[in-house]
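Read in numbering that gives the first Met the number 0, the sequence shown has 52 at position 53, and its numbers run on one by one without any break.
Bear in mind the hints are in silico, worked out from the structure with no lab data behind them.
Hints may be right or wrong, so weigh each one.
What the hints assert, rightly or not - Derived SDA-like pairs (lysine to any residue); straight-line CA-CA distance at most 25 Å: (1) LYS199 with ARG109; (2) LYS199 with ARG176; (3) LYS253 with ARG275; (4) LYS199 with ASN162; (5) LYS199 with TRP74; (6) LYS253 with GLN92; (7) LYS199 with GLU52; (8) LYS253 with ALA273; (9) LYS253 with ASP241; (10) LYS199 with GLN164; (11) LYS253 with ALA271; (12) LYS199 with GLN92; (13) LYS199 with VAL56; (14) LYS199 with LEU210; (15) LYS253 with LEU139; (16) LYS199 with TYR108.
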Amino acid sequence: MDGAPAAESQDALLEAFAERLGAAREERLAQGVLALVGRLHDLIRDLRPTPDEFSAVLGFLTDVGHNTDARRQEWVLLADVLGVSTLVEDLSQSARGRATPSTIAGPFYRPDAPDLPDGADLCRDGRGQPLDIAGQISDLSGAPIPQAVVEIWHANAQGCYENQQPDLQPEFNLRGRFRADASGRFSCRTIRPGGYMLPKDGPVGILFQRLGLGLERPAHIHFRVAAPGFRTLVTHVFDRDDPAIGRDALFAVKPELLGEFRPVSDHPERFALAVRFFLAPETHP
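Using the sequences and the hints given, assemble the complete structure.
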């Protein structure tokens, strides 16, 4: 019985906050904020942090903000490694059936990648094992989608994106935008990407090291596919032979996204990757 007044006081806090939200003009925003506050209050009641522990949490969130700038998005990284970003993607496509699963775009996407002719080489510094990519864009019935726009970007063999290393890699290295032909096909040349570790030096990386959690990402290539009348697809294709394939720190690996980087028989140092993407129509539930 001694705890009853305290519990009533805690409930009154949330009720008072909900009452203040009654005048909010954006109902969906108010609904989300109230749900968030309610869960935060429940969490505080469950964990009962001391004032010092609460201050440490606020300090961590402050550090996340200080470590976010034009080249680094620590808030996105935090959402990614907690599985929140992937959960949002999964919920948004829960009824797409045969459609290729979408994944997070990641912090290294650039919308200004150059347009390139079919078969062009993305590698601008000539470093890495050559990789030939051949792709097919289809609708859910398997019919080709002509003239789809396909954007491609990925890390180099050392696991670094060009906008992470502006002084070491050429501008737009390992990036490009292609247009599928009348049969929904596209192709390009590039190099085999390497896996990498997420940054360890920021507050998110330090937290995960304290928790003993891994920060590995298996090798992958990003694709963004857009066509009129279809939902834009943003996805990865992973190297199924990468040793970290079962412990992706961002929870993005799915069976449909495992690719085979096959050695070319008459060129053992060259690899080939075949991909096929199924797009859902805009009206798909």
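Item to complete: Run the structure past the numbered hints and jot down the numbers of the failing ones, going up.
Response: Per hint list: 2, 12 violated.
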